[in-house]
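> Next come the chains, spelled out residue by residue.
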Amino acid sequence: MGDMFRRYGRAATLIICLLTAFWLAMLVVLPNITLLESSFRPLLPVTEIGGPADQYTLANYLKVFNGSIDTTLMGIPVNIPVHVLTFSLTIFYSLLVTILCFLLTYPLAYYMAKILNPRSLPTIFLLLCVPLLVSEVLRAFAWWIILALKGPLSTLLVTLHVIDKPVRWISGYNGVMIGLVYTYVLFMIFPVYNAMSSLDSNQIEAAEDLGSPWWRTHLRIVLPHCKPGIASGSVMVFMLSAGSLLVPTILGSTTSQWFTQTIQQWMFDALDWNTAAAYAFLLLLMCTLFVSLVMKLFRVKLSDIAK
Amino acid sequence: MSAGIDLENVCCDFGSFRAVDTANVSIEPGEFFSFLGPSGCGKTTILRMISGFIEPTHGQIRIGGMDMKGQRPNQRPTALIFQNLALFPLMPIWENISFGLEVRGVDKAARRKRAQELLDMVDLPDAADKMVSQLSGGQKQRVAIARALAVEPKVMLLDEPLSALDLKLRQHMRAELRAIQKRTGVTFIYITHDQGEALAMSDRVGVMSQGRIQQIATPRDIYNNPVNGFVAGFVGENNVFTGSVVSPSAGMAGFDTGLGRLTARLGDGALGEGIKLYVRPEHTILTETEGAENSVPVTVSEVSFEGAFIAVHAKAANGQTLVAEVRNDGAATVPAIGAKRFASFNAAHAAILPDAFTGG
Numbered sequence: 181m182g183d184m185f186r187r188y189g190r191a192a193t194l195i196i197c198l199l200t201a202f203w204l205a206m207l208v209v210l211p212n213i214t215l216l217e218s219s220f221r222p223l224l225p226v227t228e229i230g231g232p233a234d235q236y237t238l239a240n241y242l243k244v245f246n247g248s249i250d251t252t253l254m255g256i257p258v259n260i261p262v263h264v265l266t267f268s269l270t271i272f273y274s275l276l277v278t279i280l281c282f283l284l285t286y287p288l289a290y291y292m293a294k295i296l297n298p299r300s301l302p303t304i305f306l307l308l309c310v311p312l313l314v315s316e317v318l319r320a321f322a323w324w325i326i327l328a329l330k331g332p333l334s335t336l337l338v339t340l341h342v343i344d345k346p347v348r349w350i351s352g353y354n355g356v357m358i359g360l361v362y363t364y365v366l367f368m369i370f371p372v373y374n375a376m377s378s379l380d381s382n383q384i385e386a387a388e389d390l391g392s393p394w395w396r397t398h399l400r401i402v403l404p405h406c407k408p409g410i411a412s413g414s415v416m417v418f419m420l421s422a423g424s425l426l427v428p429t430i431l432g433s434t435t436s437q438w439f440t441q442t443i444q445q446w447m448f449d450a451l452d453w454n455t456a457a458a459y460a461f462l463l464l465l466m467c468t469l470f471v472s473l474v475m476k477l478f479r480v481k482l483s484d485i486a487k
Numbered sequence: 130m131s132a133g134i135d136l137e138n139v140c141c142d143f144g145s146f147r148a149v150d151t152a153n154v155s156i157e158p159g160e161f162f163s164f165l166g167p168s169g170c171g172k173t174t175i176l177r178m179i180s181g182f183i184e185p186t187h188g189q190i191r192i193g194g195m196d197m198k199g200q201r202p203n204q205r206p207t208a209l210i211f212q213n214l215a216l217f218p219l220m221p222i223w224e225n226i227s228f229g230l231e232v233r234g235v236d237k238a239a240r241r242k243r244a245q246e247l248l249d250m251v252d253l254p255d256a257a258d259k260m261v262s263q264l265s266g267g268q269k270q271r272v273a274i275a276r277a278l279a280v281e282p283k284v285m286l287l288d289e290p291l292s293a294l295d296l297k298l299r300q301h302m303r304a305e306l307r308a309i310q311k312r313t314g315v316t317f318i319y320i321t322h323d324q325g326e327a328l329a330m331s332d333r334v335g336v337m338s339q340g341r342i343q344q345i346a347t348p349r350d351i352y353n354n355p356v357n358g359f360v361a362g363f364v365g366e367n368n369v370f371t372g373s374v375v376s377p378s379a380g381m382a383g384f385d386t387g388l389g390r391l392t393a394r395l396g397d398g399a400l401g402e403g404i405k406l407y408v409r410p411e412h413t414i415l416t417e418t419e420g421a422e423n424s425v426p427v428t429v430s431e432v433s434f435e436g437a438f439i440a441v442h443a444k445a446a447n448g449q450t451l452v453a454e455v456r457n458d459g460a461a462t463v464p465a466i467g468a469k470r471f472a473s474f475n476a477a478h479a480a481i482l483p484d485a486f487t488g489g
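Which chain is which? The protein sequence lines are A and B, in order.
The first sequence runs 181 to 487 under the numbering used here.
The second sequence runs 130 to 489 under the numbering used here.
By construction, these hints were calculated from the structure, which means they are not laboratory data.
Dumping the calculated SDA-like pairs for lysine to any residue here, alpha-carbon to alpha-carbon at most 20 Å:
hint	chain 1	residue 1	chain 2	residue 2
1	A	K294	B	N203
2	B	K237	A	P393
3	A	K481	B	P218
4	A	K294	B	I183
5	B	K283	A	E385
6	A	K481	B	M220
7	A	K407	B	M220
8	A	K407	B	P218
9	A	K481	B	L219
10	A	K476	B	L219
11	A	K407	B	L219
12	A	K294	B	N213
13	A	K294	B	F143
14	B	K198	A	P393
15	B	K237	A	R396
16	B	K237	B	L219
17	A	K407	B	P221
Construct all of the structure, not just a fragment, from the sequences and the given hints.
Right, dumping it as structure tokens:
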């Protein structure tokens, strides 16, 4: 702070700080507080707002348990509230996205950090970042076109005689998975690559010299070293996937439903902002709990991730 | 238990650069062999070829008589101790040591027991459950040795493992390494740029320069009978005269320099003009009267006290400085600065040698 005063003068510093504070307060803190507050209030006609019916209640939160349906989960028939099902599926598929991202990333990060000539690194990074130049909406639509029933992918595979008739790729959660992995894989690559490149190559060689086959070297030396990087990448990919609305909306099928879509439907179809707000905070809370639980399970500390 | 190693015409090229040029050496089982040379001379490349991280471009490497071509480092009976040791920081010490056994499917109790035995052997009995970061440099060194010994290698390869230690510890570890080698009987191949280390520990030394092995001999031979100027210069100090060989006979030769004619042993391949004569400072004496041969008139210019010996620097008529080392045994007389003396040496202790062997 003192340094800033010296560099920019008192007036400029104050203006910059106040503007930042104003932006944070008005566009981040205040809307969230309003949303949190409204999540505890019932949806009422305008005339009754502030009236005797306008009491704080948990009713909006408890709505997730309304409306049970019969379905099967992994072959077991269950009766489960529909929104709880949506929420569980969202968590499950976000987890799947995280795992897929990791499986894609790990070999690539190892290749980039330990095998590739450092001179080619800038090229690889550039190639990795090129998709980011296109907006997320366009990227999702691009995938929608590629995966369409009579789109390029089906046509190509039919022409190559890999499949004999066009496949409906966007069915169930397939489209959502592809879209989310594609959108968020970079959030996994960079932390894992960073962790990987800080590993002393001599340790890999030492393990090999002691007779270790490649998979054990990875299991015992490389993977443990990269744990903080993998953890921070995973948290980012998981949270972003679970909170994504665009990809599930564009690449979702008739049989896929993301919890964020449920929130959106409360907000814009039911026009019930109060329940929508309650659901949004439920998602935030549950995801945070879930991530903390998994971190505990894998013995990762928050300070490891911050590194 | 231990195995010999044969390098036959081994070459290693990195692009157009030849890092190791036609290396031929036969290392006996149970021998302590050092490769000595300045950095960039190819000694580490030789070590990495023996351990299997680099394949030779030409030639054959045999360990215990078996051709190692195509064998990965994890298939070879060698254990390498890295310059930075490369201990695994996320494992406790005992797991570090027993990692090689873990790889071989030894069960946990047996691994733990073996790790403890090795820790006792390297004199660190209480370190089993510590982490690498809790140990000092010398202790890490011992753990690295224990880790390499755990896999019962036939050959231990050491890549300047003592270079990061301070002087006292380094001298202590020298003796320790030598003792471990004697006790286990494993063939040790030791890489160093420190001539003191190589001479003190090794059974034989291979001196390297510019990818070529210049000389392979016992430490004593390397020092007393260097085959060329590089070896003479790298291992110890010299007074050097430049001149030309005249009337060689029976291994001796006259040597014409600007300071008169000298006589010395004639090394192989030392021919022609601009050749050099080498004599050690401890074989150079300063006398008041001119000797029968190899006496150069000099003026004492500097006396430096080195502890065990006193180095007397003296200038010859052509401006060249010669050094004579006088043992500090209490009886030695040290001339005053400016005194006129003769720098003399015995012809048997001086040698006319060619420069280093280089590629081609």
